[in-house]
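Q: Using the sequences and the hints, build the whole thing.
Okay, here's what each chain looks like letter by letter:
Protein chains: 2
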Amino acid sequence: MNKNALYQLSYGVYVVSTWDKGRATGCTANSAMQITSSPATIAVSINHDNYTNQCIQDTGKFAVSILGENTDPGVIGTFGFYSGKDTDKFDKVKPVVKEYMPVVADACAYIVCEVIDKMETSSHTVFLGKVLDADVLKQDEPMTYAYYHKVIKGKSPKNAPTYQGD
Amino acid sequence: MNKNALYQLSYGVYVVSTWDKGRATGCTANSAMQITSSPATIAVSINHDNYTNQCIQDTGKFAVSILGENTDPGVIGTFGFYSGKDTDKFDKVKPVVKEYMPVVADACAYIVCEVIDKMETSSHTVFLGKVLDADVLKQDEPMTYAYYHKVIKGKSPKNAPTYQGD
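Chains as they are written, first to last, in the working numbering: chain A, 2 to 167; chain B, 2 to 167.
The set of hints was computed from the structure by calculation and includes no laboratory data. Treat the hints with caution; some may be incorrect.
It does not matter which identical chain is used: a pair holds within one copy or between any two.
[Said to hold, decoys possible] Restricting the straight-line Cα-Cα distance to at most 25 Å, the calculated cross-link-like pairs of lysine to any residue (SDA-like) are:
#, residue 1, residue 2
1, K99, H150
2, K151, E115
3, K95, A106
4, K151, Y52
5, K151, A41
6, K119, S39
A: Encoded structure:
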């Protein structure tokens, strides 16, 4: 198997966020896709080792902030390279509350979901969320994972499915 | 809900293929993502109305052909706008067999999977596949769904989650 083939799948760059007992938290993710159109549902894949995973299981809700090419790249680092267990990520990145959920204010769009199903794998949970609310926050080109690697020259966080080691 | 927010999720352009009683068939898809890294697994979302869905349920295997910017755009039309039930799509598009599965020869990479789990929704099945084989077929930029819309000016097939009507 040539793993380089897997890296040719296309992704965006997202922050998946939720509440941790009243405190906003979240993590960077690139695995999000729309599954059904009516009612609209979205699937996101979150590593078991991400603290956000447990918080989504507890709240039954999550928000996807779609990062744009002009979103501060520091957002990716804050949400991707620290654990929400011991870091207040939304202290460093301005949140805005939409449909009772914390969202990255500097994102180009957001989607708020209620978990309606999930699929467990060895390392990740695939959450299926029914869309409760979604809107565009600013005119920007959505950041692709390829753009992040080529232009921002970012690395994958250790918990990402696309992690390639050091 | 502003559905334009949902269209800001990033996707690639793929052909998901399998066997129909010894005959190769498949359909265009944009919803594919890597879920776990080791063992590598991939999730794809296929509409119940796509004949390919039933064929994947029968064979328990599927291949993802990752289309490139230089892949003949006719591939997307052939696999997206006809039903595999009454059209031999691989008569019009050259296949190559990899790990016993039919793949689009003109793709930039392929991934062959064995179904290990699935999640049903109102309109789509999310298949979780363990990667059996994957390789790069040619040097090309993977086609993003945004590129397909902007440069090739393609429309969504009716069964796509991102279908926006006429």
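Q: Each of the hints needs a verdict: does it hold here or not?
A: Against the structure, the hints:
Taking the shortest alpha-carbon separations for K99 and H150, neither the intra-copy value of 29 Å nor the inter-copy value of 29 Å comes in at or below 25 Å. Proximity of K151 to E115 under the C-alpha cut-off of 25 Å is found in neither arrangement, the shortest distances being 34 Å within a copy and 32 Å between copies. Taking the shortest Cα distances, K95 and A106 sit within 25 Å of each other inside one copy (6 Å), while across copies they are farther apart (47 Å). With identical chains, the CA atoms of K151 and Y52 are never at most 25 Å apart, being 28 Å at best within one copy and 38 Å at best between copies.
Taking the shortest Cα distances, K151 and A41 sit within 25 Å of each other only across copies (24 Å), while inside one copy they are farther apart (32 Å). Taking identical chains as interchangeable, the C-alpha atoms of K119 and S39 lie at most 25 Å apart whether they share a chain (19 Å) or sit on different chains (20 Å).
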